[in-house]
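Participant: Residues per chain, in single letters:
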Amino acid sequence: MTATAYGRPGTATGTGPPRSDGPAKAAGTAPYAYEYRVADPAYVAPVQATVARGRVLEVDAAEAEAVEGVIAVLTHAGAPGLDTGAELSGLQRVAELAVLQSGEVSYRGQVVAAVVAETFEAAWHAAALVTVRYEQWPHDAGFSDQRADAVAPEEDHRQGEVESAAPAEVVVEQTYATAMQHNNPMEPHTTVARFEGGELFLYESTQGSYEVRRTVAALLGMEPERVHVVAPYVGGGFGSKGPLHAPTVLAVLAAVALPGRWVKLALTRRQMFALVGYRSPTIQRVRLSAGADGRLSGVDVVATVQSSHVADFVEEAAGPAKSMYAAPNRRMGHRVVRLDAAVPTWMRAPGECPGMFGPEVAMDELAWACGLDPIEVRLRNEPERDPHTGKPFSSRNLAACLREGARRFGWADRAPEPGGRVENGWRVGMGVAASAYPVVPPPGDSWARIRYEGEGVYAVSLAAADIGTGAWTALAQVAADALGVPLERVRVRLGDSSLPEASLAGGSTGLMSWGSTIHAAAEEFRRGHGERPEPGAEATGHLPANPAQDDYAMYAYGAQFAEVRVHAATGEVRVPRLLGVFAAGRIVNARTARSQFTGGMTMGLSMALHEESVVDARFGHVVNGDFAEYHIAANADVEDVQAHWIDEEDPLVNPLGAKGIGEIGIVGTAAAVANAAYHATGVRVRSLPVRLDDFIGA
Amino acid sequence: MDADISLTVDGQSHDLRVDTRTTLLDALREHLHITSPKKGCDHGQCGSCTVLLSGRRVVSCLVLAVAAEGAEVTTAAGLGRDGRPHRVQQALVEHDGLQCGYCTPGQVCSAVGVLDEAAAGWPSAVTPPGAGGDGGPALTAAEIRERMSGNLCRCGAYAGIVAAVEEAARPAGEAPAAPAPRGGGR
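One line per chain: the protein sequences are R and W, in this order.
Counting with the working numbering, you get residues -2 to 695 for the letters of the first sequence.
Counting with the working numbering, you get residues 19 to 204 for the letters of the second sequence.
Calculated directly from the structure, the hints in this document are not laboratory data.
Even glycine gets a Cβ: it sits at the ideal position worked out from N, Cα and C.
One or more hints might be untrue.
Here are the in silico distance ranges between beta carbons for each label pair [as the list claims (entries may be wrong)]:
1. R/Gly82 <-> W/Gly29: 38 to 44 Å
2. R/His539 <-> W/Ala21: 44 to 50 Å
3. W/Asp134 <-> R/Val148: 56 to 62 Å
4. W/Pro146 <-> R/Thr26: 51 to 57 Å
5. W/Ala21 <-> R/Gly78: 55 to 61 Å
6. W/Ala21 <-> R/Val148: 54 to 60 Å
7. W/Pro146 <-> R/Arg404: 34 to 40 Å
Quick partial rundown of chain W residues pointing at chain R, CB under 10 Å, derived from the structure [what the hints assert, rightly or not]:
8. Asp44
9. Gly62
10. Ser66
11. Ser72
12. Arg74
13. Gln107
14. Leu116
15. Gly119
Same shape as in the complex, but just chain R:
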């Protein structure tokens, strides 16, 4: 690796120290939101709508209120008011957060009441005794791409003439589908709240304590400084703990209704299938036109996605095709179906993750149609510049990832034809797909404070959230290198709104934005205090603007390879090998970065083979809302998963030269698995998850 400020041999960065929060997490002593010991808490249990659309006529709480230990039953008639006209950040949907502000029901599972009680058991028992009468209205919860009422949320992106282009020698025109998914972090969404003396205190499972502060303050009409949010350890989020959702607001309402009392709300797993968002299902119509040599003349991607009548959230599944491959004639567009359903949300690599499934399977189909190696067909369509904007790439090493992955995976050893290899009753195949994830501007601003504590020790503080990414460790490495001190001399404080503001953990921007901010703070510190600071010396740094941001297209890339075995008799699908090679700029901590990549790939495998939230449109709810029926990959589903990366120098992306790595690992995995399943069996599966019945009799 080239000698630079980040990654010098012998310095902390790049050497991969174990995660600093590891020992406490392995012992279970790192406190998550629910686990702070608060005096005499009350427990909140939501009551959810059993109709998908309508109006609450009556909440009969008499039986619930008679339960010993019940303190209050909150309904829309008596709940504290919120400013539903509040200006919130662009990440928030105020209509989703207007909890108990009216009797109108907009989706099944919506919060229509809540019980607050002295004990957990009493709260949940009483919640089951609340009887709600509704005026039920007709609802519409059926997602399909055959609806006349689908709307285009913006003008389609067009170049050339994709419809009327000259007839191509080879055309792949197919429809691909990805399933509705739920984020399902292992730690349920949790809020522990107390309102006293005009101040609101929150222990919250969130990806951004300042985002919570500002949003809650705006809804309550409070000064943001009077809302205090503590979230140093977060048990995963994968997007669903980015924007706020109704349960946080419900707990806050309970706290406001019971001033001076701590209230606790942790969702059940089932409630997480109704109340904290989901990844929209997508139906992608993809048309690739090419010459017999595999060179694309046209790329047409129209993705139909689900949104909500409550508020819009568009899963931008047609987005990634805009910048992926060169072609003179292109169209990318979205069609949105608004339903009587909860609002979708971010889930790991929103847009990119589902949006690379259709096009990357289509590229595989194109390769087979042209008689080309699927790697070669991608190499032949590498763009010189970003096809979307015409800007140069700050760096684009997809080709290097494909070649390096092919070498490591043994790609050359694959059978020449689909279905050409059978071992002990298993049909064996290999597949490849590309990954890409943009370097996006961070969702918010950041500052960091560095203070010299004396005796060689520096404290670095900012309100960033480590949701499992390894930020605790990597940020300490960045600070150590920026200050020129050993890693063990740096103390990091994160996840608390009393610290300098930091952007939300989202868009794979954490290390880039917070690390660049710490880098700036270290420069300020050295400028102000020199090499021999006095104890107590402090400096604050601000996230530097990137002068190259508007002049370059900035992306991380990857190539994912899968070996798939499909049982010839039963159709059972196994994935004995997954291998990814990524080009994501500088890797700050090899150990934790590898886990980010392989963790994303593992979630991608889960998407490929297991995950599907099944909606019963007659009632409007997810019917398989728990881990017994919504399957996520278990240990035995995951065999050899490897992530590698190539050395990539990209000084244009930020002072660290680092691109985001939290999401790219899940982009492309499902396509690689489906492509490998085709190679194994000759059966092309275009709808996720890939199931064993796709192969029965085929």
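On the provided structure of chain R, position chain W as indicated by the hints.
Facilitator: Relative to the frame of chain R, chain W by itself:
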């Protein structure tokens, strides 16, 4: 209805009064403020609440506290000795078999259970009864994956978890037969 029970948790005895509906998990977390076991689903589907109950791994959300009267409970917080973490915990940190950490205490207790069960010769779907030889089934990667599948990890740290349990299962000083590649930079 309440009941008085006593529990020994991580070597400390406790007397407490619980609602008879209270689970062992909630007794630990809400009453004793021992929050090492986590609540991930409350349905016995995720394994985050795994503890050792009289030495055997159980999902504590499916045990009523009153049914655990007099029992010895060991959580991940109580596995270390003399201020040092258990070798499973050390190996998990070394192999980065954790990310958000929420499932981790359950993974730790489950892994300790796996080591004991394998040593006692318990079969699994991977190694049928009697096929494991005298010392019980060898804890190969496939065995570990099978036996650890009751503990879900949404971050997808399974590769590291398996490597860690393999290391913890190995007699001290013995080198791995073939190191499992997990990738890395060039």
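Participant: Hint by hint, note whether the structure agrees.
Facilitator: Cross-check of the supplied hints:
1. R/Gly82 <-> W/Gly29: 38 to 44 Å: Violated, since R/Gly82 and W/Gly29 (Cβ atoms, about 56 Å apart) do not stay within the stated range.
2. R/His539 <-> W/Ala21: 44 to 50 Å: Roughly 58 Å apart at Cβ, these two residues miss the hinted range, so it is violated.
3. W/Asp134 <-> R/Val148: 56 to 62 Å: holds (59 Å)
4. W/Pro146 <-> R/Thr26: 51 to 57 Å: Because 39 Å falls outside the window, the suggested range is violated.
5. W/Ala21 <-> R/Gly78: 55 to 61 Å: 42 Å Cβ-Cβ, so the 55 to 61 Å window is violated.
6. W/Ala21 <-> R/Val148: 54 to 60 Å: holds (59 Å)
7. W/Pro146 <-> R/Arg404: 34 to 40 Å: holds (39 Å)
8. Asp44: holds (6 Å)
9. Gly62: holds (9 Å)
10. Ser66: With a minimum Cβ separation of about 6 Å from chain R (threshold 10 Å), the hint on W/Ser66 holds.
11. Ser72: violated (19 Å)
12. Arg74: Result: violated, 19 Å to nearest chain R Cβ.
13. Gln107: holds (4 Å)
14. Leu116: holds (6 Å)
15. Gly119: Where the cut-off is 10 Å and the nearest Cβ of chain R is about 3 Å from W/Gly119, the hint holds.
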